[in-house]
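A.B. asks: Just so you know, the protein sequences line up as chains A and B, in that order.
Under the numbering used here, the first sequence has 12 at position 12, and the numbering climbs by one with no breaks.
Under the numbering used here, the second sequence has 14 at position 14, and the numbering climbs by one with no breaks.
Hint data in this document are derived by calculation from the structure and do not stem from the laboratory.
One thing to keep in mind: the hints can contain errors.
Just the calculated beta-carbon pair ranges, DEER-fashion [claimed, not checked]:
hint	chain 1	residue 1	chain 2	residue 2	range
1	B	27	A	16	35 to 43 Å
2	A	42	B	12	19 to 27 Å
3	A	17	B	68	47 to 55 Å
For lysine-lysine, the following DSS-like pairs were computed, each having C-alpha atoms within a straight-line distance of at most 25 Å [to be verified]:
hint	chain 1	residue 1	chain 2	residue 2
4	A	41	B	98
5	A	41	B	42
6	B	98	A	64
7	A	41	B	110
8	B	2	B	70
9	A	66	B	98
10	A	66	A	55
11	A	55	A	14
12	B	2	A	41
13	B	56	B	70
14	B	2	B	98
15	A	20	B	98
16	B	42	B	98
17	B	42	A	20
18	B	67	B	110
19	A	64	A	20
20	B	56	A	55
21	B	110	B	98
22	B	98	B	56
23	B	56	A	14
Cβ coordinates follow ideal geometry from the N, Cα and C atoms, glycine included.
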Amino acid sequence: GAVVSQHPSWVICKSGTSVKIECRSLDFQATTMFWYRQFPKQSLMLMATSNEGSKATYEQGVEKDKFLINHASLTLSTLTVTSAHPEDSSFYICSAGRGQGYNEQFFGPGTRLTVL
Amino acid sequence: QKEVEQDPGPLSVPEGAIVSLNCTYSNSAFQYFMWYRQYSRKGPELLMYTYSSGNKEDGRFTAQVDKSSKYISLFIRDSQPSDSATYLCASLRNQGGKLIFGQGTELSVKP
Chain A
1 GAVVSQHPSW
11 VICKSGTSVK
21 IECRSLDFQA
31 TTMFWYRQFP
41 KQSLMLMATS
51 NEGSKATYEQ
61 GVEKDKFLIN
71 HASLTLSTLT
81 VTSAHPEDSS
91 FYICSAGRGQ
101 GYNEQFFGPG
111 TRLTVL
Chain B
1 QKEVEQDPGP
11 LSVPEGAIVS
21 LNCTYSNSAF
31 QYFMWYRQYS
41 RKGPELLMYT
51 YSSGNKEDGR
61 FTAQVDKSSK
71 YISLFIRDSQ
81 PSDSATYLCA
91 SLRNQGGKLI
101 FGQGTELSVK
111 P
């Protein structure tokens, strides 16, 4: 149990276009979903936290107008990178939190974004 | 100073060796401690978690937390080539809080 999927697994786009990444919890309802970014050989950096039906909470330095997060249901969250630029190229990973107690997070397989 | 520090390695060991991976943290408010394994171009997979100080064992893996010295360890016994991956430690201040990750240690187990 506790499977999280992401789609697409990789995407290449032209500079200036927008890209949407989906994150789904397949076999549980996620109270909270998280979006991370990871550059090569670096750790995961939290971008934002989202709860179903409410606005996402962004980490300091993350542009909320550039990285739009929608948490439409307890099993789906989307990240849209608007007007993407080459410096946005990275590995984007979502995770879904389960339960009210210990906040166990299950990670998706990640999405590799390359902006040309 | 980073809240969670981890030696990035790389660490290379022969098959069958005991592997010791370590992290230190600076925030005494951290209560939950996790170890994740991440294969190349994949998302992290939760291996172990512990609450407060103590040891936890699961098969070949043992997680250890020493809150007095703010030290987190993961031991892998009888290491296998399939254990080759990046291992990330992470800490959590409280329920509902955000995970703070270490940089990750790249481990290579040679046949």
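A.B. asks: Taking the hints in turn, state whether each one holds.
C.D. replies: Right, here's what the structure says about each hint:
With their beta carbons about 40 Å apart, residue 27 (chain B) and residue 16 (chain A) fall inside the hinted range of 35 to 43 Å. The hinted window of 19 to 27 Å between residue 42 (chain A) and residue 12 (chain B) holds, with their beta carbons roughly 20 Å apart. Take residue 17 (chain A) and residue 68 (chain B): their Cβ atoms lie about 52 Å apart, and the range 47 to 55 Å holds. The straight-line distance between the Cα atoms of residue 41 (chain A) and residue 98 (chain B) is roughly 21 Å, inside the 25 Å bound, and the hint therefore holds.
Distance hint between residue 41 (chain A) and residue 42 (chain B) is fulfilled; the C-alpha atoms sit about 13 Å from each other, no more than 25 Å. The straight-line distance between the Cα atoms of residue 98 (chain B) and residue 64 (chain A) is roughly 18 Å, inside the 25 Å bound, and the hint therefore holds. Distance check on the hinted pair: residue 41 (chain A) and residue 110 (chain B) sit about 20 Å apart at the alpha-carbon level, within 25 Å; holds. For the suggested pair residue 2 (chain B) and residue 70 (chain B), the alpha carbons sit about 13 Å apart, so the restraint of at most 25 Å is met.
The suggested pairing of residue 66 (chain A) with residue 98 (chain B) holds, with an alpha-carbon distance near 22 Å, which does not exceed 25 Å. At most 25 Å may separate the alpha-carbon atoms for a hinted pair to count; residue 66 (chain A) and residue 55 (chain A) meet this at roughly 15 Å. Under the criterion of a C-alpha separation no larger than 25 Å, the hint pairing residue 55 (chain A) with residue 14 (chain A) is inconsistent with the structure, at around 28 Å. Only pairs whose Cα atoms come within 25 Å are accepted, and residue 2 (chain B) paired with residue 41 (chain A) is accepted, the gap being roughly 16 Å.
Restraint check for residue 56 (chain B) and residue 70 (chain B): the C-alpha separation of about 16 Å stays at or below 25 Å, so the hint holds. Proximity of residue 2 (chain B) to residue 98 (chain B) is assessed by CA-CA distance (about 15 Å); at most 25 Å being required, the pair is judged to hold. Distance check on the hinted pair: residue 20 (chain A) and residue 98 (chain B) sit about 24 Å apart at the alpha-carbon level, within 25 Å; holds. A hinted pair counts as satisfied when its Cα atoms are at most 25 Å apart, and residue 42 (chain B) with residue 98 (chain B) qualifies at roughly 21 Å.
Restraint check: the Cα-Cα separation between residue 42 (chain B) and residue 20 (chain A) comes to about 19 Å, which is no more than 25 Å; the hinted pair holds. For the given pair, residue 67 (chain B) sits about 33 Å from residue 110 (chain B) by alpha-carbon distance, which is inconsistent with the 25 Å threshold. About 14 Å separates the Cα atoms of residue 64 (chain A) and residue 20 (chain A), which keeps this hinted pair within 25 Å; it holds. The straight-line distance between the Cα atoms of residue 56 (chain B) and residue 55 (chain A) is roughly 37 Å, outside the 25 Å bound, and the hint therefore fails.
At roughly 35 Å between alpha-carbon atoms, residue 110 (chain B) and residue 98 (chain B) are farther apart than 25 Å, so this suggested pair is violated. Restraint check for residue 98 (chain B) and residue 56 (chain B): satisfied, since their Cα atoms lie roughly 22 Å apart, inside the 25 Å limit. Proposed proximity of residue 56 (chain B) and residue 14 (chain A) is contradicted: the alpha carbons are some 48 Å apart, above 25 Å.
Comparing the model with each numbered hint stated earlier shows that hints 11, 18, 20, 21, 23 do not hold.
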